[in-house]
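**Q** Got chain A sorted already, so can you dock chain B onto it with the hints?
Quick mapping for you: the protein sequence lines, in order, are chains A and B. Per numbering that gives the first Met the number 0, the very first residue in the first sequence carries number 0; after that it's consecutive. Per numbering that gives the first Met the number 0, the very first residue in the second sequence carries number 0; after that it's consecutive.
In case anyone wonders, no lab produced these hints; they're calculated from the structure. Every value quoted in this text rests on a predicted model; they were computed, and no experiment measured them. All C-beta atoms in this analysis are idealised placements derived from N, C-alpha and C, irrespective of residue type, glycine included. Be aware that one or more of the hints could be misleading.
[What the hints assert, rightly or not] Just so you have them, the derived chain B footprint on chain A, three or more residues with Cβ under 8 Å:
| id | region |
| --- | --- |
| 1 | 74–86 |
| 2 | 150–157 |
| 3 | 169–179 |
| 4 | 217–224 |
| 5 | 288–294 |
[Said to hold, decoys possible] Straight-line alpha carbon distances no greater than 25 Å define the calculated SDA-like cross-link-like pairs of lysine to any residue that follow:
| id | chain 1 | residue 1 | chain 2 | residue 2 |
| --- | --- | --- | --- | --- |
| 6 | B | K65 | B | V38 |
| 7 | B | K298 | A | H83 |
| 8 | A | K282 | A | V324 |
| 9 | A | K245 | B | K282 |
| 10 | A | K298 | B | K282 |
| 11 | A | K294 | B | E174 |
| 12 | A | K298 | B | G79 |
| 13 | B | K151 | A | V324 |
| 14 | A | K151 | B | V267 |
| 15 | A | K65 | A | F104 |
| 16 | A | K60 | A | V324 |
| 17 | B | K282 | A | D171 |
| 18 | A | K294 | B | A78 |
There are 2 protein chains.
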Amino acid sequence: MMNLNSVVLGIDLGGTKILSAAVDRQGKVLCRDLTPTPVASGHPGVIEAIKESAGRAIGHKPFDTKAVGLAAAGLVESAGGIVHTSPNLPGWTDVSITQELARTFGKPVFIINDAHAAAIGELKYGAGRGCRHFIFITLSTGIGGGLVLDGKIYEGFSGFGGEIGHMVIDDDGPECACGNRGCWEMLASGKALEREARRRIASGEPTSILSYCRPEPERAQIDCLNAKTIHTAAVNGDILALELIKRHAYYVGVGLANIVNIFNPERVIIGGGLSNIGDLLLKPAIEEAARRAFKQPFKGVRFMKAELGADAGVIGAAALAWNHVM
Amino acid sequence: MMNLNSVVLGIDLGGTKILSAAVDRQGKVLCRDLTPTPVASGHPGVIEAIKESAGRAIGHKPFDTKAVGLAAAGLVESAGGIVHTSPNLPGWTDVSITQELARTFGKPVFIINDAHAAAIGELKYGAGRGCRHFIFITLSTGIGGGLVLDGKIYEGFSGFGGEIGHMVIDDDGPECACGNRGCWEMLASGKALEREARRRIASGEPTSILSYCRPEPERAQIDCLNAKTIHTAAVNGDILALELIKRHAYYVGVGLANIVNIFNPERVIIGGGLSNIGDLLLKPAIEEAARRAFKQPFKGVRFMKAELGADAGVIGAAALAWNHVM
Numbered sequence: 000m001m002n003l004n005s006v007v008l009g010i011d012l013g014g015t016k017i018l019s020a021a022v023d024r025q026g027k028v029l030c031r032d033l034t035p036t037p038v039a040s041g042h043p044g045v046i047e048a049i050k051e052s053a054g055r056a057i058g059h060k061p062f063d064t065k066a067v068g069l070a071a072a073g074l075v076e077s078a079g080g081i082v083h084t085s086p087n088l089p090g091w092t093d094v095s096i097t098q099e100l101a102r103t104f105g106k107p108v109f110i111i112n113d114a115h116a117a118a119i120g121e122l123k124y125g126a127g128r129g130c131r132h133f134i135f136i137t138l139s140t141g142i143g144g145g146l147v148l149d150g151k152i153y154e155g156f157s158g159f160g161g162e163i164g165h166m167v168i169d170d171d172g173p174e175c176a177c178g179n180r181g182c183w184e185m186l187a188s189g190k191a192l193e194r195e196a197r198r199r200i201a202s203g204e205p206t207s208i209l210s211y212c213r214p215e216p217e218r219a220q221i222d223c224l225n226a227k228t229i230h231t232a233a234v235n236g237d238i239l240a241l242e243l244i245k246r247h248a249y250y251v252g253v254g255l256a257n258i259v260n261i262f263n264p265e266r267v268i269i270g271g272g273l274s275n276i277g278d279l280l281l282k283p284a285i286e287e288a289a290r291r292a293f294k295q296p297f298k299g300v301r302f303m304k305a306e307l308g309a310d311a312g313v314i315g316a317a318a319l320a321w322n323h324v325m
Numbered sequence: 000m001m002n003l004n005s006v007v008l009g010i011d012l013g014g015t016k017i018l019s020a021a022v023d024r025q026g027k028v029l030c031r032d033l034t035p036t037p038v039a040s041g042h043p044g045v046i047e048a049i050k051e052s053a054g055r056a057i058g059h060k061p062f063d064t065k066a067v068g069l070a071a072a073g074l075v076e077s078a079g080g081i082v083h084t085s086p087n088l089p090g091w092t093d094v095s096i097t098q099e100l101a102r103t104f105g106k107p108v109f110i111i112n113d114a115h116a117a118a119i120g121e122l123k124y125g126a127g128r129g130c131r132h133f134i135f136i137t138l139s140t141g142i143g144g145g146l147v148l149d150g151k152i153y154e155g156f157s158g159f160g161g162e163i164g165h166m167v168i169d170d171d172g173p174e175c176a177c178g179n180r181g182c183w184e185m186l187a188s189g190k191a192l193e194r195e196a197r198r199r200i201a202s203g204e205p206t207s208i209l210s211y212c213r214p215e216p217e218r219a220q221i222d223c224l225n226a227k228t229i230h231t232a233a234v235n236g237d238i239l240a241l242e243l244i245k246r247h248a249y250y251v252g253v254g255l256a257n258i259v260n261i262f263n264p265e266r267v268i269i270g271g272g273l274s275n276i277g278d279l280l281l282k283p284a285i286e287e288a289a290r291r292a293f294k295q296p297f298k299g300v301r302f303m304k305a306e307l308g309a310d311a312g313v314i315g316a317a318a319l320a321w322n323h324v325m
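If we strip away everything but chain A, and leave its shape as in the complex, we get (with noise of 0.2 Å):
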């Protein structure tokens, strides 16, 4: 008999959030616990406050954990269990989390990169079942991707295929910290989306965005805006959040573009924090897209919300831990 209270641990690693959850094997999210990154602390840190928040998810439940799923921002190498380089954790060069983790568990501990994980999520319980070539982006802190060609997510030769936030837009943009310039997530993240507030609120914009920030101790109010206080701004009529949504939306739309004329997809998934504000920001970037893209695979494509939210990644980075326990 299936013992029912079988789970996997899953956690998604990103560089703001960590999320921990009690994942079944229908891909249900049973309980779980949501804990900043403490980006600044390193690895080390960040490990044990994934080690925390894990034991708050799922610690003193009735659950018999078979395994770690873990998904993570950057370039991960799934096979060696390595997160070599994430531009949104500063300081992570060649890290072997999977090992640190087993330890810590005493669990066998899989990982995958967090857009190839919030992909298969999509493909096994959301917006991508049924479909056979689609491309699921998360516009979040960064940009990051999952190609799902052919029914299956697409790697590369070494895994590390999909980084479609990396791929350059503007050859002379800003620089990127992944080395590059221009890049797509450089310009349609939730960061650039921020970055572009401050400077324009800096240099003395009349804005009402400062008045839905909540402050936050030892840090200044202009620091405390993101993307969720420049869409509830917009939606209360202020004008530079307005302006800064349609331009956002410009970019987004260009990265669209792009995906419709390379890979002739079914489907776009939208996902990550970005996408919650909606058909404000979509809207107006797949018009953008529709202007750029060619007219035949452009109206073959259905643009479409993940239907996963928050939870894709987790339980992208969970089935793939099933995959592996019997």
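**A** Using the frame of chain A, we list chain B on its own:
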């Protein structure tokens, strides 16, 4: 017993030239004809030119022609035998070319995008043999792409996949015939190199480039320059020609970096007329890609020259046709 004279007629219809060839079952070109594409005469004129070229290549020879494989520039729908649109064949909109050619030749005609054809050619008989993931690029009048992923050509949802030439690398760049702006093709194709050369010569920069142009009737000398003339001038130490190629290599490199980041391919196989410029163009292009791409996928990739040269398209189109005949 197999008839040794069995061939298929391979045709490569490009923006500047039509190549017709008799190709045997082993992918060997037995004879060929090369003729300029009468772009200005629209598709009826081009079909006439194809017919004449095929006649010169194959007529009166002891061949049993089984079928016709046509590689065509532009957005091609293999299943329907339609050229939807082609930036380098102005005026072509939804042309049912296989129907018209089947009437002309009295044989079954199969069509495929020219870069896909060339990728298939390289996969079966050239630089892609035994390779699971490679990206084939034609640096030619335009820029075409063929994605070989998991050992086979990736066509996308409706057959238009792989249009990497129309990936934006400068969102505010020059307008492309496809309706987009700043496409890789607008900055790194043969057309782009010629356009920049004309602009700089017209602005009065001293150069010997024009002295290498063969004068043509009713064309201004400046309209007779091409990538080959610029290359010849560069080899002979012309400063402007060297600068033009260096600048061009920069744009080629930006696109190569995108390809490495998006696909993490095992090989990048570079064909098309511009690849004949060789290291003078490709070395600085690969160096620019190295500066921009993620280190890990870059380490794994080999940049190779296509092996089938100008024959890749006809050989690949013929391979497609051979697949359809017994």
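**Q** For every hint, state whether the structure bears it out.
**A** Structure-based check of all given hints:
| no. | hint | in the structure |
| --- | --- | --- |
| 1 | 74–86 | holds (count 4) |
| 2 | 150–157 | holds (count 5) |
| 3 | 169–179 | holds (count 6) |
| 4 | 217–224 | violated (count 0) |
| 5 | 288–294 | holds (count 5) |
| 6 | B:K65 with B:V38 | violated, 28 Å |
| 7 | B:K298 with A:H83 | holds, 13 Å |
| 8 | A:K282 with A:V324 | violated, 42 Å |
| 9 | A:K245 with B:K282 | violated, 40 Å |
| 10 | A:K298 with B:K282 | violated, 39 Å |
| 11 | A:K294 with B:E174 | holds, 16 Å |
| 12 | A:K298 with B:G79 | holds, 16 Å |
| 13 | B:K151 with A:V324 | violated, 31 Å |
| 14 | A:K151 with B:V267 | holds, 22 Å |
| 15 | A:K65 with A:F104 | holds, 10 Å |
| 16 | A:K60 with A:V324 | holds, 20 Å |
| 17 | B:K282 with A:D171 | holds, 21 Å |
| 18 | A:K294 with B:A78 | holds, 18 Å |
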